[in-house]
Structures are given as structure tokens and as C-alpha cells.
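Colleague: Residue numbers (my numbering), protein chains in the order written: chain S, 6 to 374; chain H, -2 to 120.
Simulated from the structure, these hints should not be mistaken for laboratory data.
There could be a bad hint or two in this list.
[As the list claims (entries may be wrong)] Derived DEER-like restraints, expressed as beta-carbon distance ranges:
#1 S:G349 / H:S15: 33 to 41 Å
#2 S:G20 / H:D92: 32 to 40 Å
#3 H:A78 / S:S42: 44 to 52 Å
#4 H:A78 / S:A317: 32 to 40 Å
#5 H:L118 / S:E333: 31 to 39 Å
#6 S:A228 / H:L118: 49 to 57 Å
#7 H:P103 / S:P367: 35 to 43 Å
From a predicted model like this one, the values you see are computed outputs, not experimental measurements.
Glycine included, C-beta positions come from ideal geometry on N, C-alpha and C.
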Amino acid sequence: MTDARDTLLKTPLHGRHVAMGAKMVPFGGWDMPVQYSGITEEHLAVRTAAGLFDVSHMGEIEVAGRDALAAVQRISSNDASRLEIGQAQYSALTTDEGTFVDDLLVYRLTNDHFMLVVNASSIAKDFAHISAGIQGVGDAFAVNTSSRYALIAVQGPRALEVVQPLTEVDLAGIGYYRFETGEVASQRSTISRTGYTGEDGFEIFVPPSGADRLWQTLLTAGAGVGLKPAGLGARDTLRLEAAMRLSGQDIDDTTTVLEAGLGWIVGWDKPAFVGREALIAQKTRGVTRKLVGFEMVDRGIARHGYPVFIGAESVGVVSSGTRTPFLEKAIGLAYLPVGACTPGTECAIEIRGRQVTARVVPLPFYKRG
Amino acid sequence: MYPTDRRYTTDHEWISVSGTTARIGITDYAEDQLGDVVFVDLPEVGQVFEPGAQFGSIESVKAVSDLFCPMAGRVVEVNAALSDRPETVNAGPHDAWMIVIELKDPSQTDGLLDAAAYIELVS
């Protein structure tokens, strides 16, 4: 165990997590905190007050050059031409088949400079995919700048209250999926009103050297409102309640953007991009299966990979499942045939050899008020 | 931390023998590794288990773990309170018993650890 752990990557906050007694686990090649005080407590803190997350393991790939927009348009599914400077969008890196290489956020830093924020475990794969994909587009190049950023997320209804005293940037003036640059706790930062929890909040990009001080300052600033440090465990239960997909689990190179229910991140009107023909063809003929939400009717918790039955027939598979601390229900996402996707449809999920009744429900499970 | 009135398994269950019956639960170490317990899946009264057989499972928010029967026996009681309050396993793992079994052979304690040996295992 020690040997395997030695090869894991560490964020600039790793020493802090260990010092604070977080439980560390390997995740996507990184040694990351899975929990501090407990997943339930951290999850509830984010829903009712605020949580502090180290997400520095996420990757940043910057695309710049006179033809940067054309390059980003070529390799991502969403229409990046709709982005203003200071705006971000959810998008996908797609294969020729319209399936996922990864999902990502595309930030427009300037007219001809974009930052793509990708998942930790696929930075190298994504960078290779992007570099190959933009060849021949013209004057554009991609740089993996992941090591230049630490990323700290403050999430929850009181996030703004926690961060505002530490910056002169007017946070209320930053719209959802918008960002500003400025100083936070005297650290040069990019402050993005985004997150992966279903709550309001900010993701703050800072140079690695400033991460520890920012983390400590935020912890102190948030103590009065009940901000708690949170790990990947709560991040996973929070994102699942909000029905946000997890790359490599809910979406991968075997599932298309349409099957994942993410047709809204496809720029149908934009010119050529990787996977366009496949997605248009699939849209025309219709998908045969779709990602749906379910909740357990009978007792049991469905997990990734569990088969779903209707009658005696195995019709699909669970991609994510847990019991969520806030809704206090066992919920999950599964790929089911389109005929079984209507909310209210009953199915059975095989949990360790036993069939347990579940019901299709609308997504998301949780939407903030 | 680990009561000396019972024995332990390398799978992190405890078993407390009293006459011909025994209570079974999971250890403080197991509870800590699991994190917040949200579901305990237990057998029916009357089911018979051999040593090392899976008698149930326990789920935390993040993981599922199998429960193994430390000694051979027949289930005579199940802690139904755990189905409504699974978090009591976190609060007091050495009190939160899961099942009581009627032992097939109370003297058959092969492979079980005393508290000192168990502490050594988990430290």
C-alpha cells in the first residue's frame, strides 16, 4: 500500500489535508482527501452553509492563437462561439462516434485564449486528444498548464458571504458560469461562479504557491457560518443529487452525448467538430437507451455496475448509485432502453444477487431553491 | 478501545460468546474505515452459517462491505433497530450488535483473535 501511494500525485494542499486528519485515498492517480469529518456532515454543510474543497487535481489545458476559437470549436461539442470573454460553458470532448473522451468546462479568457478544465484522471489523454484534434486548424496551440494552478472550491448557499470579505471583486456581480480575475486573500486569482455540487459557489484558481494560505484564510473566514472542509466523498454524493455526470463512470467512450441526456451541450448549428456526423445521425434516428434517474422503492443501495431488470430481462446497468445524506434516499443513474425511461416506470436492480425494486424519477434529484 | 470480553476476526468483526450463544458486530476499526453507515443488510432468523460465511453486508455512503460470521451457528436474533438507525454502528460499534447466533460448538474458536492480537493487527 505504501509503495503504491508513493507514486501518487499530490496537490499543493496535500500536506494540509494530512495535517488536518483527512482520510486520504487514491483517486485518478492522486492522493486525495475522501473525507474530513464524515461524508454526511460535509454534504449537509454544503447544502445548508458552505463546504471547502481542494480540487487542484483537475487539469487545465489552454488553447491560444489567432485561430483558438476554431480549434476549440473543432474538439469540443458545445458552441464556444457563444461564449463571451469571462464566460464558461459545460462541454464534451467527443470521439468520432459521438461518445465521450471526457467532459469539461471551457473558459473564454480572451478572444483568442481559452482554458479547458478537464478531469484529473484524463489530463494526459485529453491533452493528446486536443493536440491531435487541433492540428491543421491554423494558428492555434494547446499547452497543458495543470501544474500552474491550484483550484479551491467554496460551495454552498453561504459561499458568497464567506469569500466576499476577502476580495474587492464584486462577487454578486459575477453571473452563474461567469468568472472574474482579481485578488482573493491577496492571491492573484480567477474566480469562477461554477461548481459540482448543485449549490451556488465559487471555484478559485490560484498559483500553487498561494494555495495553502488561501485555504487557511477561507477556513477561518467560513468558520462563523459553518463552512466545513469537505472531501471527494461528499463531492460525489452532492454531484449525484444534482444529477451531474461523472466522467469515466456515467459517461465514457461507450456512451454518446445524446444517450447521456446532454444534447444541450451539442452545438448542432456549428460547423465540423469531432463526432458531429455520428451525433446528427443518432439524433435523426433516435437513441435506443438513455441515462435516467431512479430511486430505490425497496431497501437497498444500487452501485455502479449493478444490472437493471424489467421482468426476467436484463435491460440496463447502473452507472452511479448511493444513499444521499440530504434527500435521505437511495438514488442513482442508469442507462435504460427508451421504452423504460418514463418517470414512474418500475424496474428491479440486482443487488448482490437479490432483485430490489426501483422506480424511474425525473432529474435532477435535488435542485436548489 | 477494544473490549477484552470478546474475540475478533481479521475481517474486523467481533464475537461475544455467552454460554451457547454469541453476539456479532463490527469493530471500531471497521466502522472508522467505512465512514457513515447508512444501511445494514442482515439475515433472517433461522439461517445457518459456517465460520467465514457471509451473513450480511454493511454500507456506508461510500462503500459496501461484506459481513462474515466468525463462528458456526444458527441465527436466533437480529438487531432490527439497526435498519432504522444504522448510524448507531458509527456511534458505538462495540455495542451495536447485528445478530445473535446459537453456536454449533462454543469451543471452536480457531482463527479468532483476542483483543491484544487484534489491536496489533489494526495498529
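Colleague: Work down the list of hints and note, for each, if the structure agrees.
Modeller: Structure-based check of all given hints:
1. S:G349 / H:S15: 33 to 41 Å: 50 Å, violated
2. S:G20 / H:D92: 32 to 40 Å: Given about 37 Å between the Cβ atoms, the range holds.
3. H:A78 / S:S42: 44 to 52 Å: This hint is violated: roughly 25 Å between Cβ atoms.
4. H:A78 / S:A317: 32 to 40 Å: Holds, since A78 (chain H) and A317 (chain S) (Cβ atoms, about 36 Å apart) stay within the stated range.
5. H:L118 / S:E333: 31 to 39 Å: Between L118 (chain H) and E333 (chain S), where Cβ atoms are some 35 Å apart, the hint holds.
6. S:A228 / H:L118: 49 to 57 Å: 38 Å, violated
7. H:P103 / S:P367: 35 to 43 Å: 55 Å, violated
Of the hints listed earlier, those the structure fails to meet are numbers 1, 3, 6, 7, in rising order.
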